[in-house]
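Line order of the protein sequences matches chains Z and R.
Counting along the first sequence from 1, when you hit position 51 you're at 51 in the working numbering, and nothing is skipped either side.
Counting along the second sequence from 1, when you hit position 88 you're at 88 in the working numbering, and nothing is skipped either side.
If we take Cβ atoms under 10 Å as the criterion, some of the chain R residues that face chain Z in the derived model are: (1) 257; (2) 266; (3) 316; (4) 414.
Please keep in mind that the hints were generated in silico from the structure rather than gathered at the bench.
A virtual CB, placed ideally from N, CA and C, is assigned to each residue, including glycine.
Listed here are the chains, written in short residue letters.
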Amino acid sequence: MRLTCPFCGPRDLREFTYRGDATLRRPDPDAANAASAFADYVYLRANPRGPHREHWYHAAGCRAWLVVERDTATHAIGRVALARNDQP
Amino acid sequence: MLALASGNAAGSRMRYSLFSLLREALNGQAGWPAAWRDALPRAHYDIVVIGGGGHGLSTAFYLAQEHGITNVAVLEKGWLGSGNIGRNTTIIRSNYGEPGNTPFYEHSMQLWEGLEQALNYNAMVSQRGVLNLYHTDGQRDAYARRGNAMRLHGIDAELLDRARVQELCPFLAFEDARFPVAGGLLQRRGGTARHDAVAWGYARAASTLGVDIIQNCEVTGFDIVQGRVRGVQTTRGPIAAGKVGMAVAGNTSHVAAMADLRLPIESHVLQAFVSEGIKPVIPNVVTFGAGHFYISQSDKGGLVFGGDIDGYNSYAQRGNLPTVEDVCESGMAMMPMLGRLRILRSWGGIMDMSMDGSPIIDRTPLEGLYLNAGWCYGGFKATPASGWCFAHLLATDRSHPVASAYRLDRFATGLVIDEKGAGAQPNLH
Chain Z
1 MRLTCPFCGP RDLREFTYRG DATLRRPDPD AANAASAFAD YVYLRANPRG PHREHWYHAA
61 GCRAWLVVER DTATHAIGRV ALARNDQP
Chain R
1 MLALASGNAA GSRMRYSLFS LLREALNGQA GWPAAWRDAL PRAHYDIVVI GGGGHGLSTA
61 FYLAQEHGIT NVAVLEKGWL GSGNIGRNTT IIRSNYGEPG NTPFYEHSMQ LWEGLEQALN
121 YNAMVSQRGV LNLYHTDGQR DAYARRGNAM RLHGIDAELL DRARVQELCP FLAFEDARFP
181 VAGGLLQRRG GTARHDAVAW GYARAASTLG VDIIQNCEVT GFDIVQGRVR GVQTTRGPIA
241 AGKVGMAVAG NTSHVAAMAD LRLPIESHVL QAFVSEGIKP VIPNVVTFGA GHFYISQSDK
301 GGLVFGGDID GYNSYAQRGN LPTVEDVCES GMAMMPMLGR LRILRSWGGI MDMSMDGSPI
361 IDRTPLEGLY LNAGWCYGGF KATPASGWCF AHLLATDRSH PVASAYRLDR FATGLVIDEK
421 GAGAQPNLH
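Kindly produce the complete structure, drawing on both the sequences and the hints.
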């Protein structure tokens, strides 16, 4: 598996570290339901079979955090973008 | 021969024994009946178990054997045993240290010890011992603590020093510059079992008791009426059910999503390897303490080994090369003679990695739907107790005492069972 880093181009999997689901959003800690919202945020995952948006860190390269679209059934890599441009 | 009446195709069973072996040897091996009935789906069952792997089949067997519930179907999307039950490294052990885990895995170990008699099937259970190596003083102390926890539960555990490990496994890297072997924690009752035979044995025994095993039958949806599961939709038509149990390992999130459930699970690929066959060299199961690596020798002579999961979400039953390299490096650090062997095959299985590294055997928020999942890469050794406890839950609506910690709500309440202390990050477990 190779990921195409926006800075470094196509690079081998071993240069990257995986973090997981990039669609999760940290809940508001001051909200009334913060406890259950944080439990969901920390533990629950959609874990789809198919397209998945996920965070990868280019640790042995440019050290950028990336949002990668990858198919979990085939390992096919789609669009790769900088995570900093993916904030809500 | 004992012929059983069956409403579904010809079901007959021969008791396997020395006598039947001798008779068939003289009979040209022509008299062996099919081991289990290839059943057609009926319209309604008391209990439908989704997943014809080790856990689903053992659940069905214990439902019939222990609870007398025989109007049961096991639905398998592929062929029987095509998932993780046929893709693991066959290790059985009960050397756990966390309170929620220790009694459960020991229950499993005891069921392994009587399994072949219970099933009348040779699962090749071999109690050749499981040896966890330690390499530092700190690790020795941690292993001593775990060994003591095991002994307090009545489980066998022996802390070996370097000399005693050397007697057992002289081929290990005792002089390695970075990770010299300093000793090990040995559970003699641990060992290996023939993984496919476990699935076949449970299938045969369950089928004989009247359970329908339905292959090539993929679940495509749930029938939910007024907040209760009433049955499933499948590629072979709808099947109504009093209760539905899920035991689908790596596909847990995928199937649960059909019932709008979000679970504390990520699916990850774990690779395993086997070398060319050689003469007996490894007497037991050995695990590396300075990396993630475990190895044993199959009865055919191949060295069977594995290491970490690849570490990213995956439903593909194959992994990538960096993990292959990592596993082989760990193996070389532990037993350098491994470098003289060629790897014959490698394969991948999909692990249902729970967020604390421990399993879930519980009801779901949806009435009538029960969950057996989160086995991470420890599902094989748990096969008998997993089925035993899931059957207990399905039959009685109460958790079995040894599985009472495996609750689905523990992630919200904070009562997680983090055997490795790695936090809510599946690729660190």
